[in-house]
Amino acid sequence: MRQRLFAALLLSTLCGGARTVVAQQNDTRPAVRTINDKELDSLIHNRNGKVLFLNIWATWCQPCVEEFPDIVKLSGMYREEKIDFAAVSVDYPDELESKVRPFVAAHNVPFNVYVANVKKDEDLINEVNPSWSGAIPATVMFDAQGKRQVFMFGQSPLSVFKTKLDSVLHLKDF
Amino acid sequence: MKRNVLVLFFLSFFVSNLLLAAPPAKAENFTLPDYNGVKHSLSDFKKAKAIVLMFIATQCPVSNGYNTRMVSLYNDYKNKNVVVIGINSNKQESAEEVKQHAKDHGFEFTILKDDKNVIADKFGASVTPEIFVLNPSFDILYHGRIDDSRRESDVTSHDLRNALDEILAGKPVTVTTTKAFGCTIKKID
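Top to bottom, those sequences are chains R and D. Position 75 of the first sequence, counted from 1, bears residue number 74 in numbering that gives the first Met the number 0, the numbering being contiguous throughout. Position 65 of the second sequence, counted from 1, bears residue number 64 in numbering that gives the first Met the number 0, the numbering being contiguous throughout.
It should be emphasised that the hints constitute simulated quantities derived from the structure, not laboratory data. Among the clues, some could well be false.
Unchecked claim - Label-pair distances were calculated between CB atoms; the ranges are: (1) R:P129 x D:A24: 38 to 46 Å; (2) D:P171 x R:V64: 39 to 47 Å; (3) R:K72 x D:D138: 45 to 53 Å.
What the hints assert, rightly or not - Derived lysine-lysine pairs resembling BS3-like cross-links, with alpha carbons at most 27 Å apart: (4) R:K161 x D:K48; (5) D:K48 x D:K170; (6) R:K72 x D:K185; (7) D:K185 x R:K98; (8) R:K163 x D:K186; (9) D:K186 x R:K72; (10) R:K161 x D:K185; (11) D:K98 x D:K121.
Using N, Cα and C, we set each Cβ at its ideal position, and we do this for glycine too.
Taking the hints into account, I'd like the entire structure generated from these sequences.
Here it is in structure tokens:
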């Protein structure tokens with residue numbers, strides 16, 4: 000009897016676990032979570048042959064909020080290309096649920112949005128571009144080798160994003 | 000010969016890039032009106048031991064997060080012959096708005112209105128809050144942030160105060176440059 004109970008328990012645990020894994024595999028919704036400096040480094044440098052378009056923003060930054068819909072639009076225009084879109088918010092990690100997630104939901108953001116979980120703002124600056132003053136919004140484009148090719152700060156129109164992204168996509172060395 | 004030209008070209012390219020990236024080591028005198036229209040020149044403060052120029056904003060939450068720290072800074076150093084001056088270079092923030100904001104937050108220091116961001120451009124300021132500390136000869140002794148965290152409770156390094164204390168003690172500034180983090184200064188197109 001005990002043995003049967005144990006087997007049943009084990010089976011249900013395994014099935015539950017399997018269900019979770021399957022759910023995670025089938026869940027194609029973009030992530031909204033925190034990112035630490037090591038994970039950010041990995042995001043930038045482990046490119047798997049894809050360009051990275053990375054936007055640094057915050058819900059409290061008016062020009063960031065204004066340009067964000069254009070970035071969403073841009074990601075749709077380049078859906079077939081080898082590009083990862085991602086955004087890193089500099090809201091505080093404890094504001095993820097109250098501020099960042101509602102913003103992402105309201106704008107139907109189709110790419111991963113992270114909240115920087117770094118000790119100091121300077122850690123993020125140095126990871127993205129040591130020459131960056133720290134002004135947001137900022138957009139960085141890394142080529143498929145993880146090399147920074149474009150860096151810009153201040154609000155930008157869709158046409159500028161497109162031109163810069165095309166230039167990174169058509170670099171001769173990949 | 001060709002190689003020399005090439006080397007010179009690259010050298011000039013890197014030097015010009017460096018010049019573009021770095022703020023000037025020495026500031027020039029300038030004159031700007033405060034939010035009441037009264038004009039002030041940098042040369043008015045030549046008797047100060049240090050001049051703190053703070054590029055600030057009325058609408059930027061990062062700059063606003065430092066409001067009480069700016070008031071404390073002014074109060075702590077006003078009797079030590081340190082002049083604290085705010086500069087607002089944001090195109091969408093009017094002198095009237097700057098005046099009201101100063102009143103609301105108890106700013107007793109002078110705040111200048113930099114229409115058309117001429118002075119922000121001269122200093123290479125791009126963010127609020129961003130600090131420049133000058134000596135009476137207008138040498139830039141410190142450039143960067145007020146401290147190392149937007150959240151006052153998380154501050155571990157009081158960079159601006161450290162620089163001021165060293166200047167007042169007659170010592171060279173140990174950390175002359177830090178990264179200022181905040182909102183982009185909204186400049187004219």
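Item to check | Hints not upheld, ascending by number | outcome: 1, 4
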